[in-house]
Amino acid sequence: MEETTAAAGIRRLAEVAVGDALPAKTIHVDRARLVQYAGASLDRNRIHWDETFAKSVGLPDVIAHGMFTMGAAVTVVTEWVGDAGRVIEYGTRFTRPVVVPYEAGADIEVAGVVKAVDAETGRVTVELTATASGDKVLGRALAVARLD
Amino acid sequence: MPVNADFQGRTYPPTQPYGVSAAKIREFAEAVGSSDPVHTDPTVARERGYADVIAPPTFAVLIAQQCDAQLIADPEAGIDFSRVVHGEQKFVHHRPLTAGDSVVGTLHVDTVREAGGHAMVTTRTELATEGGEPVCTATSTIVIRGAE
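Going line by line, the protein sequences match chains L and W. The first sequence begins at 9 in this note's numbering and counts up one residue at a time. The second sequence begins at 910 in this note's numbering and counts up one residue at a time.
Read the hints as simulated data drawn from the structure, not as lab findings. Keep in mind that a hint or two might mislead.
Unchecked claim - Derived, one-sided and incomplete: chain W residues facing chain L with beta-carbon distance under 10 Å:
id	residue
1	Glu939
2	Val941
3	Gly942
4	Asp945
5	Pro951
6	Gly958
7	Thr967
8	Ser991
9	Phe1000
Ideal placement from N, C-alpha and C gives every residue a C-beta, glycine not left out.
Go ahead and model the full structure; you've got the sequences and the hints to work with.
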């Protein structure tokens, strides 16, 4: 009973193969979202919400927290797996900032593909790609989920 | 002032405990758009085998950055925060951060190096419960942009 409940909606190792594409997603980010993330994460650096300050330190405009992009992008993996607690490793490089203009905000396109499956340990490695305005914003973004 | 290379290899004493709350987990999950009920519904979390609601995969940054502040705020380290850019981030979860955890972080300065006029500092924060159970290893590389 416990087993059945626990497994409901959670992806099984046997369903997964190298090359599988995860459902892609567009994440919209605007200033309100960045203020929300600043409060939630306690990262209140002004470059993420104060346009005047951001420009004064040489940025084109307000930029999203790299950690916002990293945290939002991994939902592609957690939604595909069906349990956020099964993501046991996650790392990335921040290659380009996501510039967030006042009016339009920005769209981050996130996709994922299965790069490795270890049948022994149940480790499934997914590579994520994230682009904004045609620029790759995350580099070598790899998430490892443990599946049964 | 250049970044102080003598800080490489330094380890700081464990921080004061950080209490992981269900409210902060919910706030963080909403901010990154993670709709998995495992972050907000204790019944769902327990059905999946967790003690209580669990944090999204990047929540640990909130605690790790408080640990990193010990280094960044240290005048001897020579880090100009206004020139800091986040270069890389990685999490290895030994188990999910769970509401009710009381977590201490131990900050290690793994490498300090110069490249192309910039300084790069890699820190590693080992998060563990007050009882000593390892929870997460968070590794971060910051880039301190050189003066033009």
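Evaluated hints:
1. Hint status for Glu939(W) relative to chain L: holds, with the closest Cβ pair at about 7 Å, below 10 Å.
2. Proximity of Val941(W) to chain L holds as hinted, the smallest CB-CB distance being about 4 Å (cut-off 10 Å).
3. Proximity of Gly942(W) to chain L holds as hinted, the smallest CB-CB distance being about 5 Å (cut-off 10 Å).
4. The interface hint given for Asp945(W) is met, as the beta carbon of that residue sits about 4 Å from the closest beta carbon of chain L, less than 10 Å.
5. Taken as an interface hint, Pro951(W) does not check out: its beta carbon lies about 13 Å from the nearest beta carbon of chain L, beyond 10 Å.
6. Given the 10 Å rule on beta carbons, the hint for Gly958(W) holds: about 6 Å separates it from the nearest Cβ of chain L.
7. Interface hint status for Thr967(W): upheld, as the beta-carbon distance to the closest one in chain L is roughly 4 Å, under 10 Å.
8. Contact between Ser991(W) and chain L, as hinted, is supported at the beta carbon level, the nearest pair being about 6 Å apart and thus within 10 Å.
9. This hint holds: Phe1000(W) has a C-beta 5 Å from the nearest C-beta of chain L, less than the 10 Å allowed.
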